[in-house]
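Line by line, the protein sequences are chains A and B. If you count the first sequence from 1, position 96 lands on 96 in my numbering, and the numbers rise without skipping. Counting from 1 along the second sequence, just add 1000 to a position and that's the residue number in my numbering.
Keep in mind the hints are simulated off the structure, nothing from the lab. These numbers come from a predicted model, not from an experiment. One should not assume that every hint holds.
Under the rule of at most 30 Å between Cα atoms (straight-line distance), these lysine-lysine pairs were calculated in the DSSO-like manner [said to hold, decoys possible]: (1) A:K33 <-> B:K1290; (2) B:K1149 <-> B:K1192; (3) B:K1192 <-> B:K1258; (4) A:K33 <-> B:K1192; (5) A:K34 <-> B:K1258; (6) B:K1290 <-> A:K37; (7) B:K1085 <-> B:K1013; (8) A:K123 <-> A:K150; (9) A:K150 <-> B:K1085; (10) A:K143 <-> B:K1290; (11) B:K1149 <-> B:K1003.
So these bits of chain B aren't anywhere near chain A, every CB distance computed over 12 Å [claimed, not checked]: (12) T1163; (13) I1190; (14) N1295.
The beta carbon of each residue, even a glycine, is placed where N, CA and C say it ideally should be.
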Amino acid sequence: MNSNGLLDLLENNARLTYQDLADILQEDETEIKKEIKHLEDERIICGYHTVINYNKALRNEKVMAFIEVDCTPQRHKGYDKTAMKIANYPEIDTMYLLSGDCDFLCLVQGKTMFEVARFVSDKIACVEDVRSTKTLFVLKQYKSNGIIMKDADPQETNRLVVTP
Amino acid sequence: MMKPINPTIEQLKPSGIRKFFDLANTMENVISFGVGEPDFDTPWHICENAVYSLSKGKTHYTANRGLKELRDLIAEFHTIRYEQKYDPENEIVVTVGGSEGIDLAMRTLVEEGDEVIVMDPNYVAYIPAITMAKAVPVPITLTEENEFKLKPEDLEAAITSKTKAIILNFPSNPTGGVMSKEDYEKLVPIIKESGIYVISDEIYAELTFDGQFASLAQFDSIRDQVIVINGFSKAFAMTGWRLGYVLSNPYLSAQMTKIHQYIIMSAPTPAQYAAIEALAYGLDDVARMKAEYLNRRNLLVSRLNRMGLKTNMPKGTFYVFPNISSTGLDSETFCARLLEDQHVACVPGNAFGEHGEGFMRMSYACSLNDITEGCDRIEAFLNNLKKEITE
Chain A
1 MNSNGLLDLL ENNARLTYQD LADILQEDET EIKKEIKHLE DERIICGYHT VINYNKALRN
61 EKVMAFIEVD CTPQRHKGYD KTAMKIANYP EIDTMYLLSG DCDFLCLVQG KTMFEVARFV
121 SDKIACVEDV RSTKTLFVLK QYKSNGIIMK DADPQETNRL VVTP
Chain B
1001 MMKPINPTIE QLKPSGIRKF FDLANTMENV ISFGVGEPDF DTPWHICENA VYSLSKGKTH
1061 YTANRGLKEL RDLIAEFHTI RYEQKYDPEN EIVVTVGGSE GIDLAMRTLV EEGDEVIVMD
1121 PNYVAYIPAI TMAKAVPVPI TLTEENEFKL KPEDLEAAIT SKTKAIILNF PSNPTGGVMS
1181 KEDYEKLVPI IKESGIYVIS DEIYAELTFD GQFASLAQFD SIRDQVIVIN GFSKAFAMTG
1241 WRLGYVLSNP YLSAQMTKIH QYIIMSAPTP AQYAAIEALA YGLDDVARMK AEYLNRRNLL
1301 VSRLNRMGLK TNMPKGTFYV FPNISSTGLD SETFCARLLE DQHVACVPGN AFGEHGEGFM
1361 RMSYACSLND ITEGCDRIEA FLNNLKKEIT E
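Okay, chain A solo, but in the shape it has when bound (with noise of 0.2 Å):
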C-alpha cells in the first residue's frame, strides 16, 4: 500500500471517500480502510480539518495572533518540557521551535482581543522559564494551508466549457 499518496490525498482533501481513494490509488477499498485504520492509530494522521476563510464567517467573533515567546532552556529536558505546558492550553492553536530571535512561535485564537491579551499576560507569560513574549495580533488573512482566501467569483472559470 501506497500510505505516502494516501497521506498526500487526504491531507489536500479529507472528504474524498474510501471508494474514490481506492480508485484513485488502484487499491482495494477495504484495504484503504484498513490503511487509514492503521495511520490513525499511530497517529501519523492526527485529525481533519476544514479551512475556514474567518474574513467571511463569524467575522466579529474570532481573533487570532502570533505569540513570540523566549524562554530558558531546561538542564536534560532542553525547550521539550515547557513547550508542553504552554501547548497543553486549548487556546494555542499551532505551535513550533523555531531559531533565530525568538524560541517558540504560537497561533492563538480567542473571541476578542482583550481575552488574547488576558491570555498571554496571566498564562502564557507566567509559565515557569518563560523569560519574554511578543504578541502580535492578525489583521486580515490571505492565504491558509495553501488556499488563498478570496470571494467566489462566477467569472472565475475562465475556461471555455468545451474546447478541442
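Given the coordinates of chain A, work out where chain B should sit on it, guided by the hints.
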C-alpha cells in the same frame, strides 16, 4: 454582386465541437469534461517572468526563429528528456502554438492532389489543414482492441505513390493512445522505404504516464523525414500564451521559417520570456500537475468501468475515450441527452472522425470533486436510460 470567395474555405465544415460548445455554454451548473486544456493556471513564476520582461521593455520583435536563449533551452530539453537532438541555430522555429506548426508543415510539404495519411479518430484540426492545402486526407482506422495504436500493416496498405506525409499525434487527443518505441520501430522501415514525411504532433509528450515517451524522431535512419511539433500549452498549462515550436532538419526548417517570417514575423515576445522561465525552472510544476492528472485518470476510468461504460486505461494525455455503444445511442445523441438531462458536457466521438462513433471524449483536466460529481450524474443518466428501455 460580390465575387465568390475561395470555395475550399466555404465548404470547410466548422468543428463538430463548436456546435456542442454553443449548446453547453447556454446552460448553468454544467460539469464539463469537454475542455481540451489544463485546469491549472500557468505557474506563477512563469507569469511573473513575462511581466518582468515587459517592465524591462522587452516589447519588440524577436528573431524570426525565436529568442536564441529559448531555442537553446528547447534543444537541451529535447536532448535530455526525449533523446531528440536538434540544433538551436538552424533546426528550431518557435511558433504561435503547435497549431501554427501544423500549418507550416502542411504548407511546406503538400501540394494539390497529394495524399496525407491521418488517424481516425484524430484531433479535429488535421483534416481541415489537409483540405486547405488542397490535398486529400487518407484515414487509417485505429481500434479500441489495439489501444488506438497505428499498426505497420495498416500504414503499409495506406501508402500510395501519391502519399506525401502522415500526421501522427501520440499521446493522442482524443483517445489517450500512446505508441512505445517498439511500436514505432516496426514503422521505421516502411517510412524509410516510401520516403514520406512524418508530421509528429507531440504536444502531449510530457503527459506520458506508463513508460517512456517515444517518437519517430528518435530513429536516426528517418530522423530527417520527421517534423516534430511541440509546445508549452499542455505540459506547462500555458494554452493562452499560444507558444509552440517546430523541430526538423535544416532544409525543412529554413523553408518553414520563410512562411513563418511572412505570416507571423516572430512569436509573441512576452510568451517567449515566459517559456524561458518554464524550461529553466518549471519542471517541478510539470511533475506536480502530471501526478494530479494520474490520480484523476485512475478515479475516472475506475468509475466509468464500474458503471458499465467500457473504458481503456489511457497511457497518456488528459483524455479518456469510453465506449458508449452498449447504451444503444449514437455518440451525438448520447452526449446531447447527457448534457440536457444532467448538465454534463462530453464531446461526441464522431467529432473526431467516422470511427470515433460509439465513443465519447472526456477530459479529466478538472478537479477530483468535479469528476465524482460528474460521474454521479452520468450514473443517474444511465439508470434513467435503462428504466426507459424496460418500460
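Cross-check of the supplied hints:
no. : hint                : in the structure
1   : A:K33 <-> B:K1290   : holds, 26 Å
2   : B:K1149 <-> B:K1192 : holds, 20 Å
3   : B:K1192 <-> B:K1258 : holds, 27 Å
4   : A:K33 <-> B:K1192   : violated, 55 Å
5   : A:K34 <-> B:K1258   : violated, 64 Å
6   : B:K1290 <-> A:K37   : holds, 29 Å
7   : B:K1085 <-> B:K1013 : violated, 38 Å
8   : A:K123 <-> A:K150   : violated, 35 Å
9   : A:K150 <-> B:K1085  : violated, 46 Å
10  : A:K143 <-> B:K1290  : holds, 24 Å
11  : B:K1149 <-> B:K1003 : violated, 46 Å
12  : T1163               : holds, 26 Å
13  : I1190               : holds, 29 Å
14  : N1295               : violated, 5 Å
Hint check: violations occur at hints 4, 5, 7, 8, 9, 11 and 14; the rest are consistent with the structure.
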